[in-house]
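Protein sequences, first through last, are from chains X and Z. Going by this note's numbering, the first sequence opens with residue 1, and the numbers climb by one from there. Going by this note's numbering, the second sequence opens with residue 1001, and the numbers climb by one from there.
Check the hints yourself; a few may be wrong.
Claimed, not checked - Straight-line alpha carbon distances no greater than 25 Å define the calculated PhoX-like cross-link-like pairs of lysine-lysine that follow:
(1) K64(X) - K1252(Z)
(2) K64(X) - K1331(Z)
(3) K1320(Z) - K61(X)
(4) K22(X) - K1331(Z)
(5) K64(X) - K1320(Z)
(6) K1195(Z) - K22(X)
(7) K1331(Z) - K61(X)
(8) K22(X) - K1252(Z)
(9) K1196(Z) - K1178(Z)
Just so you know, these hints were derived from the structure itself, not from any lab. Remember, predicted model here, so these are calculated numbers, not experimental data.
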Amino acid sequence: MDEEEVADLLATYHISLEQLPKVYHDDPAVRAIGGDVGNVIRITRDSRTAGRAEAYRLVMKRPKK
Amino acid sequence: MNNDMEQRIDTLVLPYRTREDLKAILHERDITDEEFDQILAMVFSEYEKSRIEPCEAVGVVAAQSIGEPGTQMTMRTFHYAGVAEINVTLGLPRLIEIMDARREPSTPTMAVYLLDEWTFNRDRAREVSWQIEAAPLHEFGDITIDMENMQVLVLLNKSVCDRRKITVDEIFETAPRKIREKRHFRDFDVEGDPKKATITFIPKNRESYQNLFQLAEHVRNVIVQGIDDIERVVVRKEGGEYILYTEGSNLKDVFEVEGVDTARTRSNNISEIADVLGIEAGRNAIIQEALSTLNEQGIGVDVRHIMLVADMMCMDGEVKQIGRHGIAGEKESVLSRAAFEVTVNHLLDAAIANEVDELNGVTENVIVGQPIQLGTGDVKLIAKPINLKI
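Next comes chain X alone, as it looks inside the complex (with noise of 0.2 Å):
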């Protein structure tokens, strides 16, 4: 997503970035199409109850353990 995009989310639901859930950037679906930390990745799941849903994720460093 862009960053208009994001700024658009955000205002909508009133939270901050840290807020969203999150993905690692190491994470295999977020590799497949190539997100930075710092992105906001849209996902459309199939969902059992509204067919089709949008759910969203901030793209963070996996942190070393």
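Position chain Z relative to chain X; hints supplied.
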């Protein structure tokens, strides 16, 4: 219904399925614009009613809705799941396993689906199963210990090798390599004779009989074909196609076997799915596994409760357990954490770290004896003394 109406439905802020249903129902009917507006108004009011209220305690509702039917579940169910002799943990133990986000389930299994060319032919399905099932060397021939010359002799059975589509050369290459991977400190020499299909293992240490017998044991059990983690494969026919059920799970390697349908193949190892296919796939697997475990016991729990649990577990990009090492252990509030498990440790750590509890949550307020911030406790009345004449 005309095209204009259909386009209007598409732009509505309704769930995808509701819009599709609406289109399907209205498709064949003759309706005027006025009627259409009325229908939309009613659909919207119904939709608004079906939505959850803001500030509703969804977590508590979900916990109750899963917890109560959970008490009805059979405590210990270790029976065969109907799938050809493969034992699968079911019932409450399985549900606990899912919620605890174990690295490895107690009975990992896979259902391997095959691509069209393989799935309708029994023999070809069997061929794929040989590529998957771990087969030790002793299944391919006779192994004898030659005590006089201090060596282990392997005489390969060519017809078995041909039937299982593995060449003698391949065995020559893999067997010593795999043994060395496991036990590199006890070295040995290998001599192979492709014409007679024999392999001779000669230990470097030529004095010890114990060493020789240990080497023979390794030779016997070395896995020369298939994937190490998959102990057994059962081919079953379901609805016209052949499906492989496995004992043991290894998604990554199974995906590389020719003929496997990577889109439909399933595993019950959730953390493995999250590692190989990503966190979103892990979320789906949690929902699928939890729901099928409950439904198998004849317990109906709404998906939305399970979806909430799965969402919480996958919030931070990895599958976290529900418990003191996961969600409950990462709560902001000290009192809330202390109320869960290992009370003293949490209080002690919090005291050392000079933590402050803002008393925002439910648990904290119950502990200190204040009204909680939910339901009637959330409403604050402020009296404004205007026009108040007695």
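These are the hints, each one checked on the structure:
no.: 1; hint: K64(X) - K1252(Z); result: holds, 24 Å
no.: 2; hint: K64(X) - K1331(Z); result: holds, 21 Å
no.: 3; hint: K1320(Z) - K61(X); result: holds, 17 Å
no.: 4; hint: K22(X) - K1331(Z); result: holds, 17 Å
no.: 5; hint: K64(X) - K1320(Z); result: holds, 16 Å
no.: 6; hint: K1195(Z) - K22(X); result: violated, 59 Å
no.: 7; hint: K1331(Z) - K61(X); result: holds, 21 Å
no.: 8; hint: K22(X) - K1252(Z); result: holds, 24 Å
no.: 9; hint: K1196(Z) - K1178(Z); result: holds, 22 Å
Violated hint for the displayed structure: number 6, the only one.
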